[in-house]
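Novice: As a plain string of letters, each chain reads:
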Amino acid sequence: MTEATESIKQSQTSAVGWYEFATRHRASLAAAAILIFPLIMPFTALAVNILIYGLYALGFNLVFGYLGLLSFGHAALFGTGAYLCGIAVVHFDWPWYAAIAAGVFGGLLIALLIGVLAIRTRGIYFAMVTMALSQCIYYVFYQAVDWTGGENGLRGINVRTIDLFGLQIDFINPLVRYYAIAAFVIAALFVMSRILASPFGAAIEAVRENEMRARASGYDVTLTRLLTFVLSGGFCGLAGALQALHLSIVPIEMLHYETSGLVVMIALLGGMGTFFGPMIGAAVYLVLENLVSVWTVHWQLIVGAIFIACVLFFPAGIWGTLIGRGRR
Amino acid sequence: MMAVAEPAREIILRTRGVGKTFGKFVALNNISAEFSKGAITSIIGPNGAGKSTYFNLLCGGFPPSRGNIEFEGRDVTGQPQHRFAHMGIAKSFQITSVFPQLTTHENIRVGLQALVSRYDIWRPRARLRELVEQADELLALVGLWESRDRAAKTLAHGEQRALEIGMALASRPRLLLLDEPTAGMSPEETRTMMDLIVKLARERTVILVEHKMKLVLGISDRILVLHHGELLAEGTPQEVRQNEAVKRVYLGQREH
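Protein chains in written order, with the UniProt record's numbering: chain A, 1 to 328; chain B, 1 to 256.
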């Protein structure tokens, strides 16, 4: 048996070796890409948007790409994260770190709420139930005008400096802001990588691959799905909280179902079930949106056409196609 | 061949008056049977006899409409499917059921992992080294060592069936339930599978559902014959072969 192991090891080509290296260090490589990104991307505000939507898509992809469930309600997780962070700053004057924690908590809580109600449904029913529930969340925030500003959005989330152990970080400076937010996104990437490499990550894949077999092997499929959905909520809540601090306002549109649809598009564009695909998808989508909207107001037509072309010709997504197979 | 061993007295599994109805259709009616520990028991019957329904009740696929099921003296009626693996009952599916995109090795490793770590989101799974080794041992046992790093979906049909048995063994079952393990196999693959089953039965109890009576006569210690959802006959292969009722409904049709 050891001989066989040896021969397998020897037969590994350098290409496979490089692929395995990239997989093992995927979080570090992604972090490096994020750190040098502003150097090649002159519009720092756009770069920050890409980071945040990339993080949102990263969280979404855990459910969509790795667990294999299409949720149309992720705007609720993203938006609740943003609102809770904003409310913590505006109404309670909480410091930035506590506000971000509130956002993450909001994402986890709403994911638990939606998950408990929706997780037993399958396929299109899961998509519809999550969408309906996220619309309920939309109306709750829409109606609670005193807390959320209703239609006008929640304004006045003014965090000008971040106090880090006595060090005053200037949150107004765009580049400093980019790196402050990048620190959270990179941390999230490392956590995500760990989750995917963990025994639970294996259970997620097993459930996606074959629900019946996973159950017969002894996995509680429903509980595995629910936990994955809740974890996804944590990432999306963090993305929302960062967005609230970045925009200094929470527009009600963040909770709209279009925001749920957007993340599906980003994940498909980048490559569902790939580690770095969501970031690539967010970058491509937002850059396209910005470039084309300078040229024509009908930018959605162009972006839509490109999206359709991508889905038809690169079903594994941009990143999925680049790395050769639509996995990892 | 090794059929006429003296009957083992200890009972591992027992069903008492179990029945299953789907709407108004009675798939299975009032089956009481006992399964001896360490034996190979085969459940046979023509198409639509209720074999698969009975199998699903035994492995927890769905609960019986009435009656109860006892495993090692403990009532397990109505337990959810995923609990069965933890109690020591494993099954293979009639239609091949593996994790298609995972490697052969990972298929078994993830099966082993289900018993020790299901919700750990932090430790690297590679840290569970003993699982990697145990998976390799099981791969060798079911004859798939060569295909260790191939995606399961690229395996031949017979290999996928063998992989599935490896996955069932991964939960260290004391009772192994196999639903038509040779379905769709070539005569060559069938013989290999039958040898494997006999080998596995040396260390655990095996219950086999089979459509083709000929296949199981040689290896079974006991045979249950189902017909129209009822228990038609029960006994050693010899007794079943000579049973008039069985001959009428089963052997008479030249299909076996």
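Please keep in mind that the hints were generated in silico from the structure rather than gathered at the bench.
Treat each hint with caution, since some may be false.
Claimed, not checked - Taking lysine to any residue pairs in the SDA-like style, the calculated list, with each CA pair at most 20 Å apart, reads:
1. B/K199 with B/L231
2. B/K153 with B/Q101
3. B/K153 with A/E211
4. B/K153 with A/T121
5. B/K153 with A/G324
6. B/K199 with B/E189
7. B/K153 with A/G68
Novice: Of the hints stated earlier, which fail here?
Specialist: 1, 4
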